[in-house]
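Undergrad: Sequence:
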Amino acid sequence: MTDDLYQDELHDLIDALSDDSITPVEAAELNRRLEADADARQLYLEHMCVEAELGALHLSSIVDASQVSSTELRDVLRRGSKPWPATLRWLAMAASLMFVATLSSFITYRWSADARGMGQSDNVRVVSSEQESIATITATRNCSWLGESRRLGFGSPLIAGDRLSLGAGAAEITFSDGARVVLEGPAEFRVPRSHQAELLSGRASAAIPRDASDFSFGTPRLFVNKAGTQFGLVANVDGGAEVHVFEGPLQAFIIGDNGRKLESVELDASEAARLAPVGAKFALMRASGDLFVRSLAPLAGPSVDLLAVEEFVYPTGPLAWQNGGFGWAGPWADIEAAPPKNASNQASTNAVGEGSLVGCEVLSVGNRAIQTGTQNRIRRALSTSIGGVFDAAGLIENVDGLRLIGHSGRSVYVSVLQRVSALNEVFYGFEMHRGDGNFNRVLCIGSGADEAGYGVTSNFNKYQGDDYLPLGDENTQPNFIVVRIDFGADDNDLVTVYRNPTSLSDERKCLATATLRGNFAFDRFSLGNFNGDKIHEIDEIRVGTSFEAVTGRRTLSAQMVVWNRPTADESDRLFAMNQVASQATLRDLLATDLAN
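Letter by letter, the sequence shown follows residues 38 to 633 of the numbering used here.
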């Protein structure tokens with residue numbers, strides 16, 4: 038392309054931006070040129086200065102920008118009027134520079150947001166209507182994309198045949214069937230077709246939901262296609278590969294040069310297998326979960342309706358005194374802890390077990406809580422102090438000297454993964470308390486007292502015995518429980534319990550498993566395990582003010598909400614507000630000058 042033609046095209050793009058006639062594709066091209074070419078940036082600034090001078094000359098003809106449309110406001114800049122006195126032109130110029138900078142930034146943002154789809158990088162590739170998007174880059178952390186991948190970024194759609202070159206950072210790719218892959222740079226990654234991904238080099242983790250039975254993920258010589266599993270892959274440039282299982286079981290296959298399966302291996306959680314660069318045999322080893330980034334969810338603190346999280350990201354060993362997550366008033370504390378059955382075994386019976394629980398498509402990270410002995414109870418208090426996260430959310434009520442989560446007119450959601458190793462062995466439960474003590478247990482999910490069976494009880498509200506509400510058939514699989522509490526006036530609260538909800542993104546599609554009424558204000562959780570020889574396990578405790586926050590489906594919307602571009606009406610309103618602000622600044626400057 039000749040320099041003259043390049044300059045002409047650049048002028049046309051900048052003119053289209055100034056006239057607000059630029060298309061999304063043109064906006065993306067302009068952004069690309071401004072990023073890559075210092076001369077283009079200089080030309081852009083010179084053009085904006087001309088716009089500023091025009092504004093300085095003619096801005097006085099605008100009487101009230103809030104009463105006219107954005108189109109009329111732009112037209113004013115191009116209408117002739119009597120020049121201002123030279124002594125005031127520098128003041129008008131300063132105000133107009135502010136106005137033009139605001140205008141150009143707003144238009145650039147608005148149109149580039151159109152081209153990006155919401156929040157993608159400025160030079161993102163636009164997928165045509167004839168191409169089918171099979172995956173999306175749903176999260177990024179400090180990514181440095183290489184080669185053709187520079188067209189991609191957060192929010193970019195991927196089509197069959199796309200190849201990603203990630204020089205550094207981490208990126209999450211979510212497929213149309215719900216499968217999620219977290220890619221760590223440096224890495225080469227390919228999506229040959231729908232429901233299929235290939236790690237050519239580098240490291241990645243994958244979470245494949247139960248419904249994604251057609252999804253497969255692997256390296257050039259190894260692949261896995263087991264739904265309902267979580268695992269990590271390592272692909273070396275010399276052909277070697279590793280698979281580390283976080284949640285299994287799964288079967289990994291060795292693929293020959295002709296594409297045929299040569300050998301397979303069955304792996305369960307915490308197991309791994311290595312494939313040498315040459316040969317067709319697996320070497321078994323222990324999985325190393327610490328080698329992989331498994332989630333890019335922003336879980337460093339409260340955000341987007343999520344107020345408290347406990348993922349048990351602790352080393353294996355005693356649970357007491359562990360103090361991770363956020364939204365808590367202190368560490369876990371043993372209330373009742375049975376001694377080990379074997380005197381020579383000093384392992385805690387309220388402990389951190391290796392690996393996560395997985396159920397109902399919930400993405401789990403870290404380890405899990407495990408109660409291996411009976412006559413056990415351990416609890417952790419939530420941050421209900423003045424100025425704490427729940428107080429700031431307006432959820433605290435004062436009752437008899439207790440600061441409880443339960444303000445009238447507000448709603449709170451709690452979610453947890455729970456599993457028990459044996460059936461019909463009472464008592465075990467995930468408990469919500471208002472202070473310690475059995476009488477203060479406001480809600481309990483598990484196999485209740487009085488041999489009532491598996492369900493939900495409340496000692497504080499006398500839901501016991503004949504009033505016990507069942508939650509269906511008890512099983513030994515991980516169950517995902519979501520509890521919604523709508524706090525009402527005069528302690529008339531409504532509790533809705535969802536066991537393994539059918540949707541994690543739309544509460545309206547979920548059927549309530551049980552409902553209760555009473556007084557359910559609380560300030561702490563407890564894990565209890567009494568009687569029998571069973572093992573009680575708990576994972577992924579979350580507390581928030583929306584259904585999506587506690588189901589873990591908040592991540593994408595949380596990152597994209599700030600990128601939601603304004604509607605046409607909002608665009609006009611924002612533009613007019615910018616105009617008014619510019620005029621107000623100009624009036625202040627003029628008044629100061631005249632006063633002096």
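It is worth saying that the hints were derived from the structure and are not from the lab. By construction, the Cβ of each residue, glycine as well, lies at the ideal position given by its N, Cα and C atoms. A portion of the hints provided could be inaccurate.
Stated by the list, open to error - When the alpha-carbon atoms are kept at most 27 Å apart in a straight line, the in silico BS3-like pairs for lysine-lysine are as follows:
id	residue 1	residue 2
1	K263	K298
2	K298	K318
3	K499	K546
As the list claims (entries may be wrong) - Here are the simulated distance ranges between beta carbons:
id	residue 1	residue 2	range
4	N295	E391	37 to 45 Å
5	P229	L531	48 to 56 Å
6	G354	T60	45 to 53 Å
7	E300	E391	55 to 63 Å
8	E391	G367	20 to 28 Å
9	S542	A205	52 to 60 Å
10	I423	Q288	48 to 56 Å
11	D528	D327	42 to 50 Å
12	E391	R230	31 to 39 Å
13	N360	D523	25 to 33 Å
14	E391	Q288	20 to 28 Å
15	S422	D74	37 to 45 Å
16	S422	G204	27 to 35 Å
Undergrad: Hints first: check each against the structure and report whether it holds.
TA: Evaluated hints:
With a CA separation close to 15 Å, the supplied pair K263 and K298 stays within the 27 Å bound. Between the alpha carbons of K298 and K318 the distance comes to roughly 12 Å, so the proposed pair stays at or under 27 Å and holds. Taken as a hint, the K499 and K546 pair is broken in the structure, with Cα atoms around 30 Å apart against an allowance of 27 Å. Between N295 and E391 the CB atoms are about 39 Å apart, so this pair conforms to the stated range of 37 to 45 Å.
Evaluation of the 48 to 56 Å hint for P229 and L531 yields a pass: the beta carbon distance comes to about 50 Å. Distance hint check: the CB atoms of G354 and T60 are about 60 Å apart, inconsistent with the given range 45 to 53 Å. Between E300 and E391 the beta carbon distance is about 27 Å. The supplied range of 55 to 63 Å is therefore violated. Distance hint for E391 and G367: a CB-CB separation of about 25 Å, consistent with the stated range 20 to 28 Å.
For the hinted restraint 52 to 60 Å between S542 and A205, the CB-CB distance of approximately 31 Å leaves it violated. Between I423 and Q288 the Cβ separation comes to about 54 Å, which falls inside the hinted range of 48 to 56 Å. Restraint check, D528 to D327: a C-beta distance of roughly 47 Å satisfies the suggested window 42 to 50 Å. For the pair E391 and R230, the beta carbons lie near 36 Å from each other, so the given range of 31 to 39 Å is met.
Between N360 and D523 the beta carbon distance is about 31 Å. The supplied range of 25 to 33 Å therefore holds. Distance hint check: the CB atoms of E391 and Q288 are about 22 Å apart, consistent with the given range 20 to 28 Å. Between S422 and D74 the Cβ separation comes to about 55 Å, which falls outside the hinted range of 37 to 45 Å. For S422 and G204, the hinted distance range of 27 to 35 Å is not satisfied, since their beta carbons lie about 45 Å from each other.
In summary, the structure is inconsistent with hints 3, 6, 7, 9, 15, 16 from the numbered list given earlier, while agreeing with the others.
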